[in-house]
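Chain by chain, the residues run as shown.
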Amino acid sequence: MGRSTPSKDAQALFHSLHSAYAATPTNLKIIDLYILFAVFTAVIQVVYMAIVGSFPFNSFLSGVLSCVGTAVLAVCLRIQVNKENKEFKDLPPERAFADFVLCNLVLHLVIMNFLG
Amino acid sequence: MLIKDQTSEVDVHLGDADRIFRSIKALSQSDGRWRYSSNNPESSTYAAGIALETVAGLISLASSEIDHSLVATIKNDIMKLFDGVERYDDGACYFDEKFVDAHGHQDPLSASSSVVRGITAFATATEESLNLPGDKIMGLAKFFLGVEIPGSAKDLYHQIDALACLGNSRVSVPLILSLPATVLSVSRKDQLKVRVNTVLGSSAPPLSVKLMQIFSSGSKDASVIDQELKFDPDHAVHVLETLPKNIDVGKYIFSFEISLQDPEHKKRYITGGRTKVPIYITGLIEVNNAEIAVLDSDIGSIEMQKKLDLSGENDVALLANHLQKLRLSFQLTTPSGKAFKPHQAFLKLRHESGVEHIFVVGDSGKKFEIILDFLGLVEKFFYLSGKYDIQLTVGDFVMENSFLRSLGHVELDLPDAPEKAARPPPQLVDSYSRYGPKAEIIHIFRSPEKRPPRELSLAFLGFVLLPFIGFFAGLLYLRVNLKNLPRSTVPATFAFLFHLGIASVLLLYALFWFKLDLFTTLKALGILGIFLMFVGHRTLSHLASVSAKLKSA
Numbered sequence: 588m589g590r591s592t593p594s595k596d597a598q599a600l601f602h603s604l605h606s607a608y609a610a611t612p613t614n615l616k617i618i619d620l621y622i623l624f625a626v627f628t629a630v631i632q633v634v635y636m637a638i639v640g641s642f643p644f645n646s647f648l649s650g651v652l653s654c655v656g657t658a659v660l661a662v663c664l665r666i667q668v669n670k671e672n673k674e675f676k677d678l679p680p681e682r683a684f685a686d687f688v689l690c691n692l693v694l695h696l697v698i699m700n701f702l703g
Numbered sequence: 002m003l004i005k006d007q008t009s010e011v012d013v014h015l016g017d018a019d020r021i022f023r024s025i026k027a028l029s030q031s032d033g034r035w036r037y038s039s040n041n042p043e044s045s046t047y048a049a050g051i052a053l054e055t056v057a058g059l060i061s062l063a064s065s066e067i068d069h070s071l072v073a074t075i076k077n078d079i080m081k082l083f084d085g086v087e088r089y090d091d092g093a094c095y096f097d098e099k100f101v102d103a104h105g106h107q108d109p110l111s112a113s114s115s116v117v118r119g120i121t122a123f124a125t126a127t128e129e130s131l132n133l134p135g136d137k138i139m140g141l142a143k144f145f146l147g148v149e150i151p152g153s154a155k156d157l158y159h160q161i162d163a164l165a166c167l168g169n170s171r172v173s174v175p176l177i178l179s180l181p182a183t184v185l186s187v188s189r190k191d192q193l194k195v196r197v198n199t200v201l202g203s204s205a206p207p208l209s210v211k212l213m214q215i216f217s218s219g220s221k222d223a224s225v226i227d228q229e230l231k232f233d234p235d236h237a238v239h240v241l242e243t244l245p246k247n248i249d250v251g252k253y254i255f256s257f258e259i260s261l262q263d264p265e266h267k268k269r270y271i272t273g274g275r276t277k278v279p280i281y282i283t284g285l286i287e288v289n290n291a292e293i294a295v296l297d298s299d300i301g302s303i304e305m306q307k308k309l310d311l312s313g314e315n316d317v318a319l320l321a322n323h324l325q326k327l328r329l330s331f332q333l334t335t336p337s338g339k340a341f342k343p344h345q346a347f348l349k350l351r352h353e354s355g356v357e358h359i360f361v362v363g364d365s366g367k368k369f370e371i372i373l374d375f376l377g378l379v380e381k382f383f384y385l386s387g388k389y390d391i392q393l394t395v396g397d398f399v400m401e402n403s404f405l406r407s408l409g410h411v412e413l414d415l416p417d418a419p420e421k422a423a424r425p426p427p428q429l430v431d432s433y434s435r436y437g438p439k440a441e442i443i444h445i446f447r448s449p450e451k452r453p454p455r456e457l458s459l460a461f462l463g464f465v466l467l468p469f470i471g472f473f474a475g476l477l478y479l480r481v482n483l484k485n486l487p488r489s490t491v492p493a494t495f496a497f498l499f500h501l502g503i504a505s506v507l508l509l510y511a512l513f514w515f516k517l518d519l520f521t522t523l524k525a526l527g528i529l530g531i532f533l534m535f536v537g538h539r540t541l542s543h544l545a546s547v548s549a550k551l552k553s554a
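So the sequence lines, in the order shown, correspond to chains A and B.
In terms of our numbering, the first sequence opens at residue 588 and continues consecutively.
In terms of our numbering, the second sequence opens at residue 2 and continues consecutively.
No lab work stands behind these hints, which were simulated from the structure alone.
Any given hint could be a false lead.
Unchecked claim - Between beta-carbon pairs, the in silico distance windows are:
(1) Pro593(A) - Ala525(B): 42 to 50 Å
(2) His605(A) - Phe515(B): 43 to 51 Å
(3) Ala474(B) - Cys690(A): 21 to 29 Å
(4) Leu459(B) - Val693(A): 28 to 36 Å
(5) Val634(A) - Lys451(B): 12 to 20 Å
(6) Ala474(B) - His605(A): 32 to 40 Å
(7) Gln598(A) - Ser505(B): 21 to 29 Å
(8) Pro643(A) - Phe473(B): 28 to 36 Å
(9) Pro593(A) - Phe515(B): 50 to 58 Å
(10) Glu456(B) - Pro643(A): 12 to 20 Å
(11) Val634(A) - Arg455(B): 14 to 22 Å
(12) Pro593(A) - Ser505(B): 49 to 57 Å
Unchecked claim - Quick look at which bits of chain A chain B covers, simulated, 3 or more residues with Cβ under 8 Å:
(13) 613-626
(14) 635-643
To be verified - Quick list of in silico lysine-lysine cross-link-like pairs, DSBU-like style, CA-CA up to 30 Å:
(15) Lys451(B) - Lys516(B)
(16) Lys342(B) - Lys190(B)
(17) Lys268(B) - Lys231(B)
(18) Lys595(A) - Lys616(A)
(19) Lys231(B) - Lys211(B)
(20) Lys616(A) - Lys194(B)
(21) Lys676(A) - Lys552(B)
(22) Lys673(A) - Lys552(B)
(23) Lys550(B) - Lys673(A)
(24) Lys550(B) - Lys670(A)
(25) Lys194(B) - Lys143(B)
(26) Lys676(A) - Lys349(B)
(27) Lys268(B) - Lys190(B)
(28) Lys190(B) - Lys616(A)
(29) Lys81(B) - Lys194(B)
(30) Lys670(A) - Lys81(B)
Values in this document were obtained by computation on a predicted structure and should not be read as measured data.
The C-beta atom is built at its ideal place from N, Cα and C for all residues, glycine as well.
With the sequences and hints as input, model every part of the structure.
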């Protein structure tokens, strides 16, 4: 019989995920790291707001939305750059990256305006 | 029509005076009016006046050449003109235009004045006398005198010129009766004075004035007096020595008649029959037997009574409750001893809070009396107990000593107000305080939001920067290939410029937040964007070609 305690199962699950993830190409890992960074920043902003109250609400919103927006754009970039994705086979990754940069710049213009 | 100058020194020979006369006459109408010219079919009274003046000028310049029968026809025209005169109710007469023409409608003042001028000139020019109806001349004089304030300088000219023509002309002169004062006081023993002059104020010939009738304002009948006024030559007035016996204070209409002493003057002057003048006789009214009392309601017995002297100030202090009544009575008599009914007799009760109540004092024939029953007035007084000031007002226009006196005060004890009673009306603000400075307005600003302490904010600033550092740490951990930057010069430049471009855009955003406005930012962004596009395109296409080569290779 196997040692089927829940912690052992969780550990096994974790290991398999980790090994699967290690196989992803480096540029995708960079994008994942960037997404994590954006989400963490958003979480910290929300915690701050929870502590001090939402007085300049527009500032809070613009901060959180900037993080969330850039995360979303990074996700789009990952989808487009991923070689295993058959839909975007013909799209050169540089083109996707250029779109990513442009959209980020527009997003940040709006964010800066809304920041107040 | 030209009005020819009437200068007597210059000897003017009119070539064909007769023909001119006839041509003027041809323009006359059947009702006495004249037309302006043969082209214009409308006739005008003003034109009649001008025509008469012109004819008068003609006659005075060349009287020997004109046929006198034509002069008689002109006189007939004048008579016809007078038949068309219009009247007001008070006897003033005037000439008015029938047709209104487009340019310059002549109002009654200028039309009448022009006719008067024409008639006067005509009468002066011809040596014959015109038999004009006297009452119409008098009516014209009244019309011109009745123009109180002329509207323009032109109107003033018409008025004064016409009055001057009526004053000293060969037409009959109206005599005007005027009174320097129409309000006479019995107590001061004023005398009635009457002046008689011509229209512009010059003296009249010797005459006598009689007071014929006196109409009193209330009753229809009139007493016939027929008393002659004495003439005072120093002041040129006629004086009525004593007023008739049974004249009391009040409003009357006196009727006068002028009679000329010299019968010759009767032809030249117009007296105008009976003249009616309204006269006010005033006097001191005696107030006596004034008393104020507090009565018990049911029985009527007097609880407190005080006598008042209404010629001076009083200060009585009374006490009453809601079961009692307040009674005020007094008598008014005229100088000749009759009972007098004034126009106004009010009693005012004023509470210390400012609420006022006004009552009319009734007249019972013999005396004036008012009884205030507090039982019925409790609701009207809004159940306000306290000190009420009493004020009495008696007034009339023939009463020389009308008064408004404060009589004192009464302490009223009223029951308490029930739940549903009406509140007294809010008192008016004193007019001085209404325009005085108002209370200072203290602005209530919204209290600013509570901001977090500075240290907490700075701590969180550090926390926010943590993921950023974590990102770079992770990149290093992944051993990310940062060496993929192109080595050769041109692509390297572009790559460098690409990174520089992105950095500059981010810097622009930071500036935008700190200082700039949107429009400047957008302008700068446009420029940088174009640059960035160009550079980025070059870099990325270079990268793409490199990777494509790698793939194909």
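Hints versus structure:
Between Pro593(A) and Ala525(B), the C-beta spacing of about 59 Å breaks the proposed range 42 to 50 Å. The beta-carbon spacing between His605(A) and Phe515(B), approximately 45 Å, falls within the hinted interval of 43 to 51 Å. Taking the beta carbon of each, Ala474(B) and Cys690(A) are about 26 Å apart, inside 21 to 29 Å as hinted. The hinted window of 28 to 36 Å between Leu459(B) and Val693(A) holds, with their beta carbons roughly 31 Å apart.
Here the CB-CB span from Val634(A) to Lys451(B) is close to 18 Å, well matched to the stated 12 to 20 Å. For Ala474(B) paired with His605(A), a C-beta distance near 19 Å fails the hint of 32 to 40 Å. The hinted range of 21 to 29 Å is not satisfied by Gln598(A) and Ser505(B), whose Cβ atoms lie roughly 49 Å apart. Checking the proposed 28 to 36 Å range against Pro643(A) and Phe473(B) shows it holds: the Cβ atoms sit about 29 Å from each other.
Under the hint 50 to 58 Å, the C-beta atoms of Pro593(A) and Phe515(B), about 54 Å apart, fit the expected range. The hinted range of 12 to 20 Å is satisfied by Glu456(B) and Pro643(A), whose Cβ atoms lie roughly 19 Å apart. Range check, Val634(A) to Arg455(B): Cβ separation about 18 Å, and the 14 to 22 Å hint holds. Distance hint check for Pro593(A) and Ser505(B): the Cβ-Cβ separation is about 54 Å, which falls inside the suggested range of 49 to 57 Å.
Interface restraint, the segment 613-626 of chain A with chain B: holds (8 residues with C-beta to C-beta distance below 8 Å; minimum three). Beta-carbon proximity to chain B at under 8 Å applies to 5 residues in the segment 635-643 of chain A; the threshold of 3 is reached and the given coverage holds. Taking the CA atoms of Lys451(B) and Lys516(B), the gap is about 26 Å. The hint holds against a cut of 30 Å. Between Lys342(B) and Lys190(B) the alpha-carbon distance is near 22 Å, which keeps this suggested pair within the 30 Å criterion.
A C-alpha spacing of about 24 Å is found between Lys268(B) and Lys231(B), which places the hinted pair at or below 30 Å, so the restraint holds. For the suggested pair Lys595(A) and Lys616(A), the alpha carbons sit about 27 Å apart, so the restraint of at most 30 Å is met. As the CA atoms of Lys231(B) and Lys211(B) are separated by approximately 9 Å, the hinted pair is consistent with the 30 Å bound. Distance restraint check for Lys616(A) and Lys194(B): the Cα-Cα separation of roughly 127 Å exceeds the 30 Å cut-off, and the hinted pair is therefore not satisfied.
Proposed proximity of Lys676(A) and Lys552(B) is supported: the alpha carbons are some 14 Å apart, at most 30 Å. Simply put, Lys673(A) and Lys552(B) have alpha-carbon atoms about 18 Å apart, close enough for the 30 Å limit, and the pair holds. Taken as a hint, the Lys550(B) and Lys673(A) pair is honoured in the structure, with Cα atoms around 22 Å apart against an allowance of 30 Å. Between Lys550(B) and Lys670(A) the CA atoms are separated by roughly 17 Å; this keeps the pair inside 30 Å, and the hint holds.
For a cut-off of 30 Å, the pair hint linking Lys194(B) to Lys143(B) stands: about 21 Å separates their Cα positions. With a CA separation close to 105 Å, the supplied pair Lys676(A) and Lys349(B) exceeds the 30 Å bound. For the proposed pair Lys268(B) and Lys190(B), the alpha carbon gap of about 39 Å is over 30 Å, so the pair is violated. About 127 Å separates the Cα atoms of Lys190(B) and Lys616(A), which puts this hinted pair outside 30 Å; it is violated.
For the hint pairing Lys81(B) with Lys194(B), the CA-to-CA distance comes to about 40 Å; that exceeds 30 Å, so the pair is violated. Proximity of Lys670(A) to Lys81(B) is assessed by CA-CA distance (about 125 Å); at most 30 Å being required, the pair is judged violated.
In the structure shown, a violation is registered for the earlier hints numbered 1, 6, 7, 20, 26, 27, 28, 29, 30, in ascending order.
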